[in-house]
Every structure is written in C-alpha cells, then in structure tokens.
Amino acid sequence: MKYSIPKFWRRKEGYYQVVLTKCKECGKVAFFAYVRCPYCGSSNIELVKSSGRGVIEEYTVSYNRVEGGEEYLPKIIAVVKLSEGVRVVGELVDADPAEVKEGMAVEAVLRRFSSDDPHGLIYYGIKFVPAIRR
Amino acid sequence: MEVTKVYVVNSALVKIDRHFSKGYKELANEVISEVISKSGIESVDLVVVSNMFSDCILDQLDISTILMQNLGMTKVRALRVETGESSGLAALETAWMAIESGAAENVLVIGVEKVTEYPTYKINKMYGKVLDYEVEFIRNITPPDYAALVMKAYLKKFGLKREDLISWPVKMHDNASRNAYAQLSFRISPEKVFTSMVISDPIHLLDTFPLGDGAAALLLTSSKAVRNTATEPVIVAHVDSAVSTQFHLREDLTRLPATAALASRLKEKFGNKVLTEAAIELHDSYSIYAYIILEELGLAERGKAREIVDKLEFVNVSGGLKARGHPFGATGVYQIAELYKLMTEGFAGKKFDGEYAIAHSMSGPDYNARVALLQKLV
Amino acid sequence: MFRVLCVPRPESLTGIVGWGAYIPRQRVKADEIASLWGFEKTLPKALWIEEKAVASVDEDTVTMGWYAAKVAIERGNVDPELVGAVFVGTESKPYAVKPSATIIADALGISKKKLSTDMEFACRAGGEGIRLAIALVASGTIKYGLAIGSDTAQASPGDVLELTASSGAAAYLVGPASESVAQFEGVVTYVTDTPDFWRREGSKYPSHGEIFTGEPAYFHHIMTAVKMLFDELSLKPSDFDYAVFHQPNGKFPLQVGKKLGFPKEKILPGIVTPWIGNTYNGSALIGLARVLEQAKPGDRILVATFGSGAGSDAFSIIVKDGIEERAGRGPKVEDLLKRKKYVSYAQYAKSRRLYIRNIG
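Residue numbers (my numbering), protein chains in the order written: chain A, 1057 to 1190; chain B, 337 to 714; chain C, 1134 to 1493.
Honestly, the hints are just simulated from the structure, not real lab data.
Everything numeric in this text was worked out from a predicted model, so none of it was measured.
Everything hinted at is true.
Cross-link-like lysine-lysine pairs, in silico, BS3-like; alpha carbons within 25 Å at most: (1) Lys1063/A with Lys1245/C; (2) Lys1157/A with Lys1473/C; (3) Lys1063/A with Lys461/B; (4) Lys1063/A with Lys1226/C; (5) Lys1058/A with Lys1231/C.
Based on the provided sequences and hints, a complete structural model is requested.
And the structure:
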C-alpha cells in the first residue's frame, strides 16, 4: 500500500465530486474543500457542490514522467473556469491536444487518478472531458 | 543591547554534478572543512542544515543531528530547515535571525542535497511534493505543468510567440561556461532550446534545471566576532520571506505573488535602487519564471523582461538554476556563496563593485519566496 | 369452476424513471484485430462487427457505471437521497472483493441507508439488478432503485471473442409507475446451469464453447424466456413495436428475433454492437436506451437479456407520455455513438493492459 487509506478516504467527497469552499466573510469561492478560507483565513465557510461544467482557459500537454504514472502519458493539464466562476486546475482526458481550444466546454467526470501496484487501492477522482451533454 | 549586524565571512562550494561515489556526509564534510579552516573562526555555536529530500531520498530523519554526529561536531546546536526549493535561503534566514537577536554568534549554514541516489522518474515524483499533496499531487498535477501554464498565460497576455522567450537559457549557459562549480558549463545555441525534449508544452528540457548533487557552506558571524575573521566579511543586511496562494486561486497567472510582496517590502525598506542596481542570483527553475522574476523585482516592465536579458551583467553570473544547477535544498546556499565571492574575491570571471546583492529563491510556482540582501562593507 | 382473481403483476406498479448509458471514446476496428491475428478478412462482416469501444487506461467498470448512473438520476430528476438500492451487474470488477456499487453510490451522493451489491451472472446481471429494483419498489421497500450494467469485457488476444469484447455501461432508475415514462408490464427470467462461457478465479481471460454458446445457450434461453413471457401476458410479436436483445455481435439478435417471429425493422433500432462491440452487461441495456430515445408513447418494447452460465430475462415495457421530454434531459446513446476516436491495436492493448509490464 503506497498511499494512506484514511488520507484518501476522508477527502473522497472532494475527489469524487467538485466541491467549492465558499467564504461568508470575504465572499470569495475556491475550488477544493479547505478547512478555512484560503484567501482570508476565516472559519466562516461553507462547502458547496459545483455542477462540474466549465470552459478551458489554458492547457498544457505534459510528458513529465513520474514513477507509476507512465501509462497515463501524455497527459493534458488544463485550467478550467467553472460555470460558478471558480477556477480549477485538473486533467483533461478524452481529448486530442489538437482539438483543445480556449473556451471549449468541458464537464467533470469520475476517472482513475492512479492506483497502487496491482494489489493496492485505486484512487478515483474528478477529471474533465470535452462536454458530452448538451 | 548592542545592535549587531550579521556578516558572511566565508563560503565554500562543491561542483554540482552526479557524485555517485560521494554521499551527503562526504559532500558536506568537504565544504564544512573548507569554510571553517580559512575563516579564522575557532568554533561554531549553531549549525543550520538545509536539505529538502532527506526523508524521501536519504531515508534519514533528523539529518542535522546525524550529520553532526558523523563529523564529530557534538555539543553544538544544530537544526535542519526545509521550505521546499527555497530551503537554502530559509537556512540563511534562520542563521540571520539567530545572530541578529543575539542568540548565536558564529553560525555555520550548510546546504546539501543528493538527487542522484535514485532514477529521474522517482525524483520527479518526489519533487512534486512541494505542491499540496492532497489538492495537487494526487490529482496528477506537477511543477513543470504549472510552469507551462504560466508560460502560456504570459505569451498570451503580452502577445508574444514562443520564439521570443529563448534568450534566458542561452545566457545562463554562457555565464556557467565561466563557473567552475556549474553542472552544465557548456554554451548552447538558441535552436537547441527547441530541439530539446518537451516536458510540459511549451517548456522544453533546456528551459529547466538539470538534476545534480551539491553542497555549499557559509560561515556567518556577529559584529563582535567579525573582528577576528581572516577573510573579507559582507553584511547580511536583511532576509525576508513570504507565502503565497495556491496556483488555482490566483487572479493573474503571470504574476509571482510572494516574490512581488518581497520586492515591494525591500523597496519600502531600502529604496528602489537596491533592486535595480544590485547583483542578483534569482530562482530560474524554469526560464519563464526568470522573466517574471525580473519584472517583479522591477528590472523591467511587465511583459518586457526579454528585452533586457542580454544587457544583464550581474544577474545569475553563476549560470542560475538552469546551468549552474539546482541541488534543491543547497541551491539558496550556493546563491549566497556565489554573491559573496562575486563581491569579494570575484567569481566566474567577474567582480561586482556595487553596494548590494540580492539572492532570490522560491518553491514550486512561487508557493513561498525568500530574499536575502547582502551589503558590501564600506 | 374456480373464479380466478385478476391480480396485477407487481412489475406493473413500477417503471423506468430515468436511464443513462456510457460508451468510451476510443474505437478499434474489427478489421485490424482480425488482420493481426490471421482471421479471414470476411469474418467481421459475417459476425456483423465493424468496430468496438475501448475504455481508456483511467476508465473502468466503476467510472463508466458512474457516468451512466449520473445521467439516469439527472434524467429522472430524482433526489439521490431517495435511492434505496444500487446494484452493479458486471463481470469485470476492478476489485474482485470490494463493491463497485458503493464507490458509485457515494460518488453520486446516494443515501447510505440502502441495499447495495455487485452481482455476477456473465452478461445478464445488470438485467437481474433491474428485476431486483422492480421487486423492491413494487413491494414498497424502497422508493427508487438503481440498476447498473457495466463492463470492460475481457477476451484473450487472438481469440475470436476479441473481435467483439468491448467496454460500456448502462443504468436504469426504477421507481413508481406514476413517475415513470416506461412502465414494466411483465418480466420472466429463465435460468439453468449451462456452461457455455466462463472465467475461472485467477484467469485473466474467459473461455467459451464457441458454437455451444449459440443454440444451447443464447438461443435456447432467450427464446424460452420470451415465449414464457408471451404466454403469461398473452402477447405475440405483432403486439410489440421494438425487440431488443442481448447482442454479442450484430447477427445474433437478428437471428433470434427472426426465430421468434419479429421482422428486421423492429430489431434494428436496438442494435448497437456493430459500432461499439459487445459491452457484456451493457449490451441489451444500451440497446434499450437507444430505443427509449426514439420510442413514442404507447409503444411496447420487448427486451431480452442473456448471460452465459446461463439465463435470460424477458421484459415487456410500455412507453408512456413524457418519454420524449425525458429523453431530452441528458446525453443520448446517439451522442455517445458519435463521440469517437479510432486507435490502433497497440493503443487498445495499452489501454486494456494486455501488455506485461514491470510495475508494482
């Protein structure tokens, strides 16, 4: 086992869904579930779910070879602006680099981030694909 | 209480390379012996060790203790500092705070890193841990991906083509060709940047640092002890650091917020000239960051850094992270050592006669940044 | 003479409230597989298989089932907290032990107070999941039940099965008939111990009886289940507008449909295999989704699943008002069929981990 079970399990809601941290103090909204507002540090926050729909702002095709990640290369890492106006950085899959364009509509889907060796846990999480649903 | 200044009185470096036959103890020993022996300082009361990867690569916790045990330097105060890629300047920051406050008198700062213990794909994975493990690493985001996104955002924002940003690696290699301690001391042509492998498009291999082992040491003292030194002292006038927001939370992806904050604080305390007239060693982990750092430090207008690169005489004289190398935890210590030498005996074929020198270091995409201001003794 | 009370069949208290499908984007051509392994070039045509869908390296039964289920729940516009059962029928579980159903359920915010399990019966477990959901809803035990059929079908490289074994998923949200747009009229399941196709514990690929998988297995079980259904509901082929069958290739559903007395036109709309391959637990259920997305109120649909081992469920479904509006609420099978990218055999082999690598 390479990753800690509780470490992944306790955060899985934020991995399996697109969760945003909304600050009632400064009004800002951030992608991911934080313990306090990552902008102003306030504890007066609430977690909300995003529709997972957005558009591409920027992207890169990466060949960066890290141990255990070989079969997922080349990968596309994209900056996505969610419909809620919040920015998220994540993997874009089911897309050819040539067809990726700024402004392209995407939707969040559940995929495998990685897995331990053949005997270990599988880490599922949200990635983005060019929008399938109208 | 008497106000004490902090001084660097000596430095020692090891050539950055794949030192397969030397472990961290051997490399550290080389520079520690050299830095103490010629200084005229008898003993050290605090040792600050900078090392980023000891837990992952060396399977060693509490490396400051183990190193002291192995060097027969027991009874001394020792601790290890780690702030990602900027650990070296964090070690200096700690030493500076200790002397300034009167807590210590003679401090040894030692930066050491061994990245060649493992193959590149393993190091690449560990290096990714300077990012938030739970927010970024597990979601397959790595540091070069961020640099690539920054470069794309920068090219788009300022209407530039990729070819407009190749001068930096060429200049770094040219500088390193005169630096005996550099890992890559060969010149390159602009075309070579493009023919080198793509890591994360549009970042090529020659836009970023090689992996190499290194060790560097500094000896720092207080106003009281500096009279006893045999070597030329340089003042450590100020050390500052800042933490910035995570990448996806930033408004403008072409800014480095922590570096910007430090530049603004330096300007406020010491005036504009300190930045524009200083000799500088900055953290060019990726060439795009170099351009932006120059702009954040006020040496060029936003989007125009590429126009001044060829005119920079005293910026990254060492060849920077790009060509001198980036032994992670040791890098910040190398920067101070290089600036110290540049201001005293000369370094890489140059001598700087100006009053100030600045070392700038950061981790990941400016997740934290650190600056150290050196001042010539007049 | 005894007076026989007419008791409504429990199935008729329930219907399809939402449905969804998922087809991976990658496709590999059957011709390329046939050519590599020395199959005679007219074989794909004889089986009526053109290309098959290939799950990506980061996809599996869980991720595909999740998508189909998400579409089903959103199409049904149902609060996930009210779903009382989640079943995943599959023969390609990412974990031999650890349910896929719970991962999908938690990822969709479905109530933790529920029945949930992964089920194996070769290709028909997804259909059995629908039957279980029907029974739970009809008995008043739960409000809504979610039945998913999802597979990344395995086939030994070089085996004729490789021409068709593919990846895909479908999901059905069963609920009260009053909230459904397709009501269950009746269902019959016929199951025997017939070893036509199997995979031993620890084996990477299944074994099968080739010609034995035909008459004694596929044809016998489907035809028996369907005839039992006709009998119980007093229906005949002409009462149906569509006939959807489990489809290991494009030819079998046409053959079994013909034997049962259905004209080609009623069978073709439910055939998807020639373009996506045999998605095992997705097979008949993706075909049904495609039919639901073109059916009109009042249409009667026959669906016959088949799973080796062996068994078949025969459903009679009556389409109701509102079917078109509900179909329009989410991506359709047509959208998924159109979303494709051709890959080489090598890329397909990499995606499905057919290579032995130094990992772990």
